[in-house]
Amino acid sequence: MKLIWKLLRQHISLGQLTGFFFANLFGMMIVLLSVQFYRDVLPIFTSGDSFMKKDFSIVTKKVSTLGSLVGSSSSFSESDITEVKGQSFAKKVGVFQPSQFSVSAGLGMQDAGLHLSTDMFFESVPNEYVDVSLDKWHFDEHSHTIPIIIPRNYLNLYNFGFAQSRSLPKLSEGVMGMIKLDITIRGNGKIEKYNGNIVGFSNRLNTILVPEEFMVWANHTFAPNADSKVSRLIVEVNNPGDESIAQFFHKKGYETEDNKLDAGKTAYFLKLIVGLVLLVGLLISILSFYILMLSIYLLLQKNTTKLENLLLIGYSPGKVSLPYQLLTLGLNGLVLVLSILLVYLLRSYYLDVLSMLWPNFESGSMLPALVIGVVLSVCVSLINFIAIRRKVNGVWMHK
Amino acid sequence: MNSINLQQTLPNVFAERDSIVSDVWHTNLAFEKGKTYLVEADSGTGKSSLCSYIYGYRNDYQGSIYFDKEDIKSLSITQWVELRKSSMSMLFQELRLFTELTALENVELKNNLTNYKSKKEILDFFETLGIDEKINVPVAKLSFGQQQRVALIRSLCQPFDFIFLDEPISHLDETNGAIMGEMLIKETRHQGAGVVITSIGKHIELVYDKILKL
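Chains as they are written, first to last, in our numbering: chain A, 12 to 410; chain B, 42 to 255.
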């Protein structure tokens, strides 16, 4: 083996092999890095991790100027709802039920003779969509008390906007819970007074929420003839990062609140960019593979006489191919190890950045890069092996 | 392998000639194991072609060549490799040594494959042929006559049923030719092998069982 190597290593072009080595190293590194980066970053935008997990989307129809003028309906019909339910991304679909009667709420301190009152509305959703403890979420007709959930935004708006600028005291959630609202409901020729009690603050539901059982009862009682229109849907989705959600809503002209589907768009662009980078990496890899094959072919060509003589004194094509095959295997192996090392270093750098941006970020393993790298290396080496062997067999046949 | 049979064998390039007068071409001929043959030829009568056909690196001929009963055109690469390692040896006219390796390395390259001779036996060969001082000299720096001797040693470093020597002493003096002949006979007797030597005039003085005119 030593002697064969001494013979066949002649004419090896260091320049060509170095060229191949670096080209392949960069190609491989780009491929592995893009795969690894994709695997590392994607969970941020999809439900893989908890901190951006938003399983619910609230959907409305777009309100356009023209639509307002013509008076076209911005509510969802039965068939619209069925269609949304039929989508693969939708786990469950709930409807927002609006109040069909007029409501006014007052806040007063009777002793001070101060009374503020405003017209308002209620909405309800099925209990399973409510993101607040449901302990006090019951309506009892006889108690004349209505539990209410308001958006946490409202409280924040008051505390950090209004109260701050006017030097008014800030209100905690506990204090808000103690405030009693005077609710007056009118409709169907009746006027009823209730106590409103704020039982929680919702991050998800941007409305003034009452229990569904109350809404059904109240609509029936105060507006028996009105047919309820559904203007908002709450959709529980499997994976908010799924770009098909955004595509579907866009196609239907629906809007979603809170830009929750941005994650889907971001994930889509991430895929697109990573795909492009991956393509470039693969292209470089393929080109470098060609350099290697050309270099080896040239080497074989220059050593044809020697190969021929070796075959004639009884060496098998397999034995004659082996030194070149080992050469390519060595190069490919070295490229693999180095590129994985480089990816490891670069990764630890971007992981630092990611964990600064997203403190809850949990990094996965290097497995994707490893697997892809080994698979690529093995494939390339196999093709090298076969090509070299065929070339040597060619030397045999030509005689 | 006990015999090599040529049946109506003829190089393609001779096919258009009207009359072939030859003991080898276009006739039926058998080389048998244990016997010694001399093939005498003028230049251009296909002496090296004969060797290359039988050794399996050319097949531009008509007719058939059989090893025992097997047509050699049907042999696989693996079978040829095996034959060249253990049944047939060849001293090429153009020697086919590796000029960048030393004399000893050239021989070892073959012997590593067959493990047939010990290092001592190989060194003895070099000594017998009077080139023991050249063992570590690259072949490129040896004279053709010295190279011929190295090639002979290499061709003896394997078991064989037949050995072909294509003009083995073209560049050697008579004394060295005789030493070579002695060494060859000793080795082939030991192996019970057949010997086929070609020549265009000068040939090793041996007792030939058959002298063929090509």
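Hints in this document: simulated from the structure, not taken from any laboratory. The C-beta atom is built at its ideal place from N, Cα and C for all residues, glycine as well. Be aware that one or more of the hints could be misleading.
Claimed, not checked - Simulated DEER-style distance windows between Cβ atoms: (1) Ser127(B) x Gly26(A): 55 to 61 Å; (2) Leu116(B) x Leu305(A): 31 to 37 Å; (3) Glu141(B) x Val389(A): 44 to 50 Å; (4) Leu305(A) x Thr216(B): 48 to 54 Å; (5) Tyr355(A) x Ser127(B): 48 to 54 Å; (6) Gly344(A) x Leu116(B): 47 to 53 Å; (7) Ser159(B) x Gly344(A): 34 to 40 Å.
Tested hints:
no., hint, in the structure
1, Ser127(B) x Gly26(A): 55 to 61 Å, "violated, 42 Å"
2, Leu116(B) x Leu305(A): 31 to 37 Å, "holds, 33 Å"
3, Glu141(B) x Val389(A): 44 to 50 Å, "violated, 34 Å"
4, Leu305(A) x Thr216(B): 48 to 54 Å, "holds, 52 Å"
5, Tyr355(A) x Ser127(B): 48 to 54 Å, "holds, 52 Å"
6, Gly344(A) x Leu116(B): 47 to 53 Å, "violated, 37 Å"
7, Ser159(B) x Gly344(A): 34 to 40 Å, "holds, 38 Å"
When held up to the earlier numbered hints, the structure conflicts with 1, 3 and 6 and fits the remainder.
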